[in-house]
Structure formats: structure tokens, C-alpha cells
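Protein chains in written order, with full-length UniProt numbering: chain A, 1 to 1153; chain B, 1 to 154.
Do not take every clue at face value.
Claimed, not checked - With a Cα cut of at most 25 Å, we get these calculated DSS-like pairs of lysine-lysine:
#  : chain 1 : residue 1 : chain 2 : residue 2
1  : B       : K98       : A       : K1123
2  : A       : K149      : A       : K116
3  : A       : K1123     : B       : K129
4  : A       : K270      : A       : K368
5  : B       : K16       : A       : K1123
6  : A       : K1025     : B       : K68
7  : B       : K68       : A       : K1129
8  : A       : K657      : A       : K576
9  : A       : K1026     : A       : K977
10 : B       : K96       : A       : K1123
11 : A       : K576      : A       : K650
12 : A       : K1129     : B       : K129
13 : A       : K947      : A       : K994
14 : A       : K1045     : A       : K966
15 : A       : K977      : A       : K947
16 : A       : K1123     : B       : K15
17 : A       : K593      : A       : K576
18 : A       : K650      : A       : K672
19 : A       : K1129     : B       : K98
20 : B       : K106      : B       : K129
21 : B       : K15       : B       : K68
The set of hints was computed from the structure by calculation and includes no laboratory data.
The structure presented is a predicted model; accordingly, all values stated were derived computationally and were not measured.
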Amino acid sequence: MADPTQWVKHVELYVNSSSTAAQQEASVDAIANLLKNDLLTLEALVREMEMYLTTTDSIIRSRGILLLAELLTQLRSKRLNDASIESLIGFFTERLADWKALRGAIVGCLSLLRRKSHVGVVTDDKVKAVVQSYLQNLQVQSLGQHDRKLCFQLMECLLDRYPAAVRDLGDNLIYGICEAIDGERDPQCLMLSFRIVEILAGLFPGPSGPLADFAGDLFGILGCYFPIHFTHPKEEDVDVKREELSRALMLTYASTPLFAPFSIPLLLEKLSSSLPLTKVESFKYLSYCTSKYGVDRMAEHFETLWSSVKDATYVSPQTNLSTEVGFMSEMGFQDSDIMKQAFVLLQELVQQSNGSFISLILDDEDIKIFMNSLNQYEDFDNIPIDIRQRLHAVGRIISVCVNTSIASCNKVFESFFPLLMTYLGLSVAEPHENSCLAEDYNPPGRLNFGALYLCVEVLSACRYLVGSDELTPIPDFANQTWCVMLHNVSKSLATVFVSLLRSNVAENSQNAYICYGVKGLQNLAMFPGSLLAVSKSTYDSILLKLMSVVTSDINKTFLWTLAMNALVEIGSFLDKCPDSERLSSYESIVVEKIFSLISSDDLTMPVSLKLQAAFEIGATGINFMLRVVEGLDEAISATLSAVYAHGNRKSVEPTIKLLEYYSNKVLPWFHKSGGSEEIPLNFALSIWDKIENNRSFNLDSLENELLDATMMAMKQAVGSCSEGSQEKIINKALGVLLSSNCLEWMKSISGNTQSEVEGLQQIHKLDSFAIRDEWITSLIASIVIALCPQTYIQNGKFILQFFITTLLNGHVPSAQALGSLVNKLPLKITGTPLSKNLCLDEAVDMIFHSCIWTSYNGSTYERGSSEIDLSSLRLCSLSPESDKIHATIGLAWIGKGLLMRGHEKVKDITMTLLNCMISDGDRGSLPNSKHPSLVCNDEDLHHQLMKSAADAFHIIMSDSESCLNKRYHATIRPLYKQRFSNTVMPILSTLMLKYDSPSIRSMLCRAIAYVVSDTPLTAILSEAKKLIPLLLDCLSMMVEDITNKEIIYSVLLVISGILVDKNGQDAVAENAHSIVNQLIELTTYPHMMVIRETAVQCLVAVSELPHTRIYPLRTQVLRAMLKALDDPKWVVRQEAVRCRQAWASIASRSLHF
Amino acid sequence: MTLGLINANPVVHAKKERVARTEEPHDDDAIDPLEIYEYVRDIRDPEHPYSLEQLSVLSEESITVDEKLGRILITFTPTIQHCSMATVIGLCLREKLKDCFHPHFKVDIKVAPGSHADEESVNKQLNDKERVAAALEIPNLRQLVDECLYSSEL
């Protein structure tokens, strides 16, 4: 047992009103721990606390009781014996009368009542006593918000957990609750009180129970809350959302049918409110109540309900013309929220009422008159906008009736369908009566648009009815009235719709007709075949018509798109609800046609449209796509042969398009839909087959675009294959490579590692590749770029050597492939080490050891040493400068690969690049550094070399689309950019201080700009103070050269990022003067508008800096802005006005200076 | 002030939708009436919490620009014939344009012919440099103009 002196001090601390909340909490925890571990019994505690619980000082008493209650709350999962529970609940019940120390009593009751049954609960007798005491003693509405909330929680708990005990109290209980919740305003308390009423209604469901007498009074209290509306929408404590509260109230209203006599009239009355929100809410409540109260209660209100729905939708519809231009065209109305809710109510009513409500609609005079008057508005263009709105509303009403139930659908068909068909010139009675409509039927004059519109709406609603899953068991649709009617007219309807598509009138005046014609056909084609509503021949003719539009009406964009969409919809419907007969029709008519379209080289239809059609149709189902891909493969294979073998220039462009489509659409689609990898594998292999079989290429070297597209497709294909397939592809490619001329070309170099000079000259002597060799090299590079890290590369060393050689010829993909290799190679080879296998360290050794990077003084690079002597990593000074440039680019990509996986050797590469950039200064010390034949343009070349070294930082830092990204399985360490920037920036900035030569400085600036602009902003912000002067130097350095504008822009974006950030602003305040000067200079930058715009925006941001810093700059900025007001570009002028206002307002409004 | 409003119950029109300027760079980005209109449409009416656009005092068509000659002409229509606020509106327009355009533009501000009882004198007042400057020296008037220009009541 714990020593009383130990814990009594906690009690004292808690009771003491001057101790802090944290102290009190800690003391509760301390005592609770003692109790939990049985170091202290509850009895002992209560006995010891007696003084606090019974003292006449109400403050101490209330603290004492609260402490006891809090302790019980903590002990909720500890078993207590019945006697203690009984005496405790008795105590708290009694204390409910003590209004000065109320909170503890409520909390105590609450925590005891909430106990789970296995740890001891309060008996029903005691519960009854609690309720009685509650009803007798608590004046809930006179308490504060928190206490009220506790009271409501207590009541909710009582009703929820002990229904049997409280039910006996009957009238008293209801009366007490009424009293407690009357006039409540706090959202949290309201949530609880709504919930209380809801539970209460569940307690007394019977029509003769006690609730029946009080329903009116109770609803009188609830009624005034509707609709929920917050007068102070932006209060801090809105932890209860309006929607939640409104939903709670709705549940309460619908909780018992006893409320119906009061709630329905109230809601109906509120419908006439002019506030849109109220209307929306009323409709929402009404639909919910309808579903809960049951038809009998609602029946007496049917007429009023219908007239209010009609009012909201038909009489004064509130629709907006949809902003979506095109597809829905002229009838594209968008329902307002009110209308949406009204239709929900309508649906609920139709569904619940078993036919009595639908007859109300069908017999409605207004609707009837409207239907009969459709004849007046034959031509779409002559229909005034309000009639169109009504048409839309009637369409919606009818579709709601149709898609709700089969019975209501039948009724609608019986009353309206014959009329609609008559307008369209058809008869529903017997199919043969309409047979007079020939295939090339043309409607007499203009077709009745209203009837057309309603007919299409009805059709799509029917389709919805058929497609809804809720109808189980699936009813026998085929014998339903509506289905028979539809069957009788479907063929003729299709003919009518087809005739609309055929019209040769100017397109735009016909848009609405065309739109609904296509929609009608689409709907007809999407009835399941089992329904017999639409026969196979009709289905086939619909598909044929749509397909003929797709193949021949390519100039009518609107019609073409609609027909295409319809075919896609029909296709995806088939994919969802397969139907063998329909499927075979679709395949033979649509898919085969598409197949023959792509594989033929018929040029009446543009390739891009063909491809679009093919892809969209294919995307509706995997089987269709496979067939389409087959066609694509054939087409690519045919055109590639034409290009390779015969040098057919005409085929180049379509081939490019085919390849692009393949890589941009088809492969990603397969990837996403989890299709087999056979498609990309076969595609890649077939391209290699093509190259293997055509020994000589009849191509101009100018067809680079074709090569690019092929590389792209190759990368995509390889990237989406698994390791096994990737191995197959790379082996195939190696086979082709080994049998090509490339190999001889390689051998001439690889044997010469000893005599470097000779080797280098050899490289130089070799002319650039033959076209075929270039293709092979580039495509192998593409494969390597897209490989997975796990893929095993046979002959890796050979490939590496090969790329190093081609890289020196200026072949950039080789450089990228090298970068990818070092990025993905395994650190160690597991299993049997074969001499031809490659691991990372070896590869890096090979690269660094190769002839181009050896030192001029002949010091050899020592293998195995952990540190690399920096001088040995110099570019060989004997090699010509142009080779060095290529080597620099190669180094950049290799460096990027290493950096991304976090390999330390990237440092050596960085140092090499830096040395390259500053080599201008110590060039004099290099003896014989100039190759005699290159003297004349050496200066120029050297400058280019420095520049490419600076640009290498761009390659290293920026994300590349073509390699080393997620899609091509690159290894990416998080935050690698940040790490690189952190190591390189200090070096660069010290170099800036060290060198004066303008050419070196400008190169350093370039590098800094590249590094900074790709570093994450958060990393820059922490260094902002140091960076800003450097960046300003960069800007002033680069502003001279027009070619630098992109870099300037990215640096400017970094500066603006710093300026708008709070921490950044603190850092740059000292430099405000120089920043403003530089920005002002850029506001007149003539070569790029966005630079001027951003500069002005930056100036706006500067105006937020501390006034003492910027006030002296005010006149200068205002003067510059005056100039900017005359900018030729509107955007800049607008920003200038903003900037002027911002700066003018830092002193006074005045713009004068 | 116990004086009633001059036009107590003006007709309020809907705001026109703002046309987003196309971002694509094109060669001809000269100042056009729409650009000017964008600046002045939101000036608040001196009497009511509505913009000049809502009260139909201004429209895009009532503005003409000649960039070569550097001239801007704005014609506005006071809501009622005897509107004594016409000059205030004119002053607001002049102040706003001074802020938003290079000083080499000559700005002419006129009331629409026949829309004001004292058309000639209003026009004269608004286009006289000295008088405009003098008017803006009056503290009350200055305050009223600033309120109209920078008000966020709309």
C-alpha cells in the first residue's frame, strides 16, 4: 500500500485553484497509476478525500468531486466491485443537485455509466435514479457551454446505453428533454441534442406511445433550426461543419413518422423561400423523409410535392448553359443544385409510391400541353431559350420516371412514346408499318427536334434501367410493354437517326441534330442483345454507319468526334457486358475495319486520325487492343522496310507518327492495364530483325527524326519489359552489333591502349559512322538506357569499351548509356565471377583508366588505390580539343549517373570539370599543349570546351527526359541534388573569388546558375545570405549574351523564390540595394518578355522588405516602373502598374517623386 | 450630411465576364480599349457600393485609343442627367489612368453627348490641367477620389 503522504499531496495540488493545468493533469495521472496498480484502493482514497468532498467551501468541493470523477474516467477499463460502483453512482446522483459543484457530478456519472459490462456496470435501478435526479435538478439551459455539452453527453449515454431503464419514465423523460434542448444555440451541443431526439424517437416508436403526445412540442423546438445557417461563417471554433449539423437535423426529422404532420408542411412552406440554399435543403430533407416515413404518410402531400417539383424544374427552371462546348452542344444545360435535389426527390417519390405518383405526372395538364405543343418548334434554331430549358426539364422528368422502375417505365411509354413516334413519323403499333422507310430515307423537311430530344433521353433512361444492378432477379424485360414498343420501332428509329447524320447542310446549324442522331444510335446499340429490343441487323447497320463516318467524314470534325466517341462507348459497353453475338459483329465491323485501315497505306485518311481512331477503339478492351497492335506492328514493319531498303522518303513521316503513337499511347496503355510484356518484347525484337536483314541502309543522314522516334519507342519498349525479356533484347542487339562493321572499327582502337597517341589519331582518322552503324549504336544505347538494374548484361566490358569509343565521336546517346550503366551496375558480382561480367568498380576503373583521361606527364593511374590522384584525371592534353568537348559531355552524363546513386567518385568528375573550366589561366604552363594542325581555331575551341564543362553542370543537375529517370529504372538516392549543390557551391564561390579573368568568371557564373536553378528552394533559402551576391554577379555577367536568356530566367526565378519567402526576406534585406539595381536593369531586358515580367514581380516582392532598407530606393524603382509602363507587352505593363502601386503605398499614395 | 442621395436607386447591371488574355506571345500587344477598361471598370461609384461597370457608366466601347498619337479618350455616361458626381467620376478616371499609363499619353475624359445637363462645363473642368490639380488639392475631394479608387467594398 502506498503511503498516504505520498499521494495526498497530489490531491492537494489538484484541489488548489492556483496550480497550473499541467500540474493538475500530472497529479491525476499519478493517483490513477496508484489505483491501477492496486497500490491504493478506491475506498481508502474516498475516505481520505472525505473532507474535500463534503466541505462547505464550494470551490474546493467542486475540485474534489471533479478529481474523483476524473480518476474514475481513467479507471474505465479497471474492474471495480459492485458495491463501490453502487455507492459511487449514488454519491454522484445525489451531487447532481449541488449546482455549485456540478461538473464533477456529471463527469462522474458519465464515466460510471460508460463502463463496459465486463468491468462492472451500474444497475438499472441506479440508472433510473440518475435520470430522475437529472430531470429534477438540472437546469441545462442555464449552464455554460461546456457543462451543457456534458449534460447532453450524459443524456445521450443514458438513452443509448440503458434504453430499458429510461423507457419507463415516459412522459417525464420527454418533457425533461424538451426543456433541456429548448433554445440551444451552440453547434456542438446542437449536434448532441439532435442525436438525443433521434434516439428518443427510436425508443418510443408506437403511434400511441408517449412521444405521440409530445411530437408537436418536440418538433416545435426542432422546427426553428431549419434550414441550418451559420450567421458567422468564419468563426474560429467551427469544428462542426454546417453540412454535418444539417445532416444531423435531417436524421432527426426523419427519425419518426410521428413528426410527419409537422415536418412536411414546414418543409413545403420553406420551398417557397427565395434563398437557394433553403430550397436545396428542403428538397434534400423531403427526399430523405419520404424514404423514411413511408408512402402512407406522404400520400396526402403528393399533389403539393409534385407541384413544387414542377415549379422548381419546369415552371421556373434554373439551369446554366454548360461551359463545355462541343459534345452536348446546344442543349447542354447544367442543372442547378436546386434542380438536382428536386429530381432526387422526384425519383424517391416515384420509387416509393407504386404508381400513384407517376400518374400524377402523366396526367399533369402542363406537361400534356407541352407535349402536344412540340409541333410548334420543329426547327431547332427557332426554339427560344426558355422553351429549350423546359424541354430539358421535361426530358429530365421523364427520364427520372423511366429509370426508376419497370412499372413506371411502362407507364411513360404507354402515355408518351406513341406521341413522340408520331412526331418522328413512325408508328409503334406494328413493325411492318414502318417498313416503308427505305435505307436512304430522308425526313420530310425538318425533323421535330423536341421529339428527337425526348426520344433520345427516354432511350438513354431505358438503358440505365436495364443496366442497373439493383433489379434482382433480372426481370423478363423482353415481354414488358416498353420493350415490345421499342422492338417495333427500333429499326425505323435507327433509319431516322442515320438520316440525320447524312445531311449535307452546313455543319454548325445542324450540330444539335447530328449530336442527338449519334446519341440515339449509340443508345440503341447499347441495349443488351438478350433484350430483343434491337435486332442484329439493326445493330450491324448502326455500326456500319458510324464506321463509315469515321472512315469517310474526316472533314466534319464535330460529327467525326461524336461518332468516334459513340463507337468507343459501344465498345466499352461490350467489354463490360459481353454478348457473343454483338461481340462478333463489333469485331468484324469495327475492329477489322480499323485493322485494315492502319495496315493499308491508303492516304485518304490522315495517319494521325487513323491512329487516334485505332487507339481509342483498342483502348476499350484488351482483345481489341491486341488486334489493333497487330495492325500497328504490320504497318511499322512495312514502312520501316520501305525506308531501310528502298529509301522511300514518303514513308518516313508516317513511320515517325506510327512510332510516336506506339511509344506514347500503346505501350503506356499496356503498362497501365497490366497487359503482357510480349507486345513490347516482340516490337523491340522485330525492329532488330529489320536492321539485321537490311545490310545496307538507303537513308540520308538527315532522317534524324526517324532515328529519334525509333529510339524513343525502343526505350519505352525495353523499359516496360521484365529483366528476362530485356536480356533477350540486348543479346539480340549484341548479335547484330557483332556482325556489323562497328566491330572492325572498334578493334582498331582497342588493341592500341598502349600507344595512346596512335590510338587517338586512329579515332580521329575514322570517319563518322556509316548510317547503319549509327542506327545500331544509337539503338543499343537506347536499350542500355532503359535496362533494369537487375538485368544481367553479357559482354558488359565490351559494351562499355564500345560506348567509350563512340562517345569520343560525339555520340550523345552513348554518353547517356554510359551514365545509365554506372548508375545501375551492381556493386559486386555474386556467383561465379566471369571475366566478361562487369561490376561497378570495374566499370568506373575502366572509364577512368581509358586513354582520354590520362595525364599529360605520363603518370599512370594506379588501380586499387582508394584515392584518385586528381591530376591523373585530367583530360589528355594531347587529344584535340573537339574530342575533349565530347569527353566532357560524356563525363557529365557519367557523373550524373554516379551522383544519382550516391557514388563518391562523382567528386573526381566534378574536379575534372572544374579544372577544365579554369584551365584558361594555367594554359601557359602546359608545354606543347597545342596540336600543330589546330592552331587557327584553337582559341575558339578552347572557349567551347570551357563552356561545355560549365554546361556539364546543367546535365548533372537537371532532370532528363531521355534517360536516368524513374521510367527507365534509374537508381535515385533522395536529396541527391541538395547534396551535390552543398558540396559544389562552396568550391565554385571560392573559385569566383580567386579568378579575375572574365572568361573564366563567366564560365563559373554559368555553372553556378545551373547548379542553383536546379537546387530545391528549401536548400537555397538556408544559404540565401551567401548566395544572393553570387547570383547578382551571375546576372550582371550573363546579361550581355543573348543566348543566356534561359539561364537568366531560371536564376531570376530562384531570386523571386527567395524574395517571396519569409526567411529569405530576412536574409536578403542587407542586399536590397544591389538586388533592386540588378532587377531594374532586367526590367528593360529586350530579348525575353518573361524576364521583364518576373523582374517587375520581384520588385513587388522587394517592397515587402523592411521600410528602412527600401525607402531610399523608392524613387529609383518608381522611375524604372514609369519606363516599364511603356513596355510593348501587356503583361509587363500590368505588372508595372501593380509594382508602382506597391511602391507608392510604402510612403503615401503619391506616385510623385 | 443630411442631403439625400442624388440618384437614390440606380439600375445595377451584371458584371461582364472577364476575358482571360491569351498567354501565347504574339507580336502585336499594343494598348487596346480592353486593357484600359480592365483598369477602370472596378472604380467604385462615389455614391453606391457598385462599380462603374455595374452602373453602366462605362463600357469597353466608350474607350478609344490611338497609340501612335498617344491619345486615350474615355466617354462616360452619368447615371442621371443632373448628376453632380459626374466630375468626381471624371477625376477618379483621370487619377487612375495617371497611375496606370505612361505620362506621354494624353488622356481626354468626356461625358457622353446628351447624357448630362451641364455637359460642356463638366468636359471643360475635366480636361483643364490646372483645375484638375486644384480640385485634387481639396482634402475632402481627394479623400473621396481615393476612396473610390482603392475601395474594396465591391
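Verification of the supplied hints:
1. B:K98 / A:K1123: It holds: about 14 Å lies between the C-alpha atoms, which stays within 25 Å.
2. A:K149 / A:K116: holds, 22 Å
3. A:K1123 / B:K129: holds, 23 Å
4. A:K270 / A:K368: Status violated; Cα separation ~28 Å.
5. B:K16 / A:K1123: violated, 31 Å
6. A:K1025 / B:K68: Answer violated: K1025 of chain A to K68 of chain B is near 46 Å, above 25 Å.
7. B:K68 / A:K1129: holds, 16 Å
8. A:K657 / A:K576: violated, 31 Å
9. A:K1026 / A:K977: holds, 19 Å
10. B:K96 / A:K1123: Holds, at about 17 Å.
11. A:K576 / A:K650: violated, 41 Å
12. A:K1129 / B:K129: violated, 29 Å
13. A:K947 / A:K994: holds, 19 Å
14. A:K1045 / A:K966: Between K1045 of chain A and K966 of chain A the Cα gap is close to 30 Å, so the pair fails against 25 Å, i.e. violated.
15. A:K977 / A:K947: holds, 21 Å
16. A:K1123 / B:K15: Distance ~32 Å between K1123 of chain A and K15 of chain B Cα, so the pair is violated.
17. A:K593 / A:K576: Distance of about 22 Å is within 25 Å: holds.
18. A:K650 / A:K672: Violated, at about 34 Å.
19. A:K1129 / B:K98: holds, 19 Å
20. B:K106 / B:K129: With Cα atoms ~11 Å apart, K106 of chain B and K129 of chain B stay inside 25 Å; holds.
21. B:K15 / B:K68: violated, 31 Å
Against the hints set out earlier in the document, violations occur for numbers 4, 5, 6, 8, 11, 12, 14, 16, 18, 21.
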